[in-house]
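All chains, please: the whole structure from these sequences, using the hints.
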Amino acid sequence: MQSMLTGSTNTENKQSVSAVQRIERGLLEEIGAGELAPGQRLDEAGLASRFGASRTPVREALSRLTAQGVLVQGEKRGVFVAEYSREQLSQMFEAMHEIEAACARIVAQRLDFLSRSEIEAAQAGCVKAAEAGDRTEYLRANEAFHQAIYKATGNPYMAEIASEFRQRTGPFRAKKFASREDLLSSAQSHQALLDSIFSKDAAAASKSMRDHMAVSFLETLKAN
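This note's numbering puts the first residue of the sequence shown at 1, with every later residue one more than the last.
Everything labelled a hint here was simulated from the structure, so no lab data went into it.
Heads up, the beta-carbon is just placed ideally off N, CA and C, and yes, glycines get one too.
Just to be clear, a hint being listed does not mean it is correct.
[What the hints assert, rightly or not] Lysine to any residue pairs mimicking SDA-like chemistry, simulated, CA-CA at most 20 Å apart:
#1 76 <-> 45
#2 176 <-> 118
#3 176 <-> 214
#4 128 <-> 182
#5 222 <-> 198
#6 176 <-> 137
#7 176 <-> 201
[As the list claims (entries may be wrong)] Each pair of labels, with its calculated beta carbon distance range:
#8 207 <-> 49: 43 to 51 Å
#9 201 <-> 161: 19 to 27 Å
#10 45 <-> 110: 45 to 53 Å
#11 121 <-> 85: 32 to 40 Å
#12 52 <-> 91: 31 to 39 Å
#13 85 <-> 136: 37 to 45 Å
Rendered as structure tokens:
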């Protein structure tokens with residue numbers, strides 16, 4: 001009997017952990033794509049219904065994201081998407097400049113066929129969404145594009161750090177995409193970046209990413 005109870009408990013724990021990870025990943029994607037705005041309150045009951053889970057894994061996922069600084073605990077009850085001042089955004093983008101430039105440099109040196117194919121597929125998704133003027137889909141494709149570059153470094157620690165900054169700044173960067181022309185311009189800038197990375201010139205790839213991030217930062221500040 002004890003063995004049966006233990007097995008049941010272990011199964012429930014695994015299901016709970018799986019639900020927590022699913023909710024955490026889903027919220028990170030929505031925040032990174034700007035679908036959840038800075039300062040937006042996250043309702044436990046609403047999230048539980050939307051993700052098809054109980055409040056326990058929702059609460060755990062919110063706790064994890066709060067610990068990461070992606071969410072913040074309000075003065076009163078509730079959890080909110082983090083908001084940042086212009087100075088804080090500037091500091092984050094300064095760090096992003098260095099990390100993303102390093103990623104581009106490393107990818108130019110290590111790029112293999114599979115990684116190149118994944119990056120090209122992500123870029124194709126960006127172009128398709130931009131041409132359709134689909135802002136929501138473009139934001140998701142844009143995140144996938146940068147994540148593909150991080151993955152291509154072959155360094156999961158660097159990829160994790162780069163991803164964290166993108167998640168934190170996602171809602172702010174999303175505001176710069178106000179029109180179809182903005183989406184097309186962004187997709188075109190990706191191609192220039194890829195040309196540098198695919199050339200296997202590490203210095204050129206690093207500079208191209210710095211230029212790309214500098215433009216992104218200035219547009220983000222204007223939009224916020």
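Starting from the hint list further up, note which numbers the structure goes against and sort them upward.
2, 5, 7 and 13
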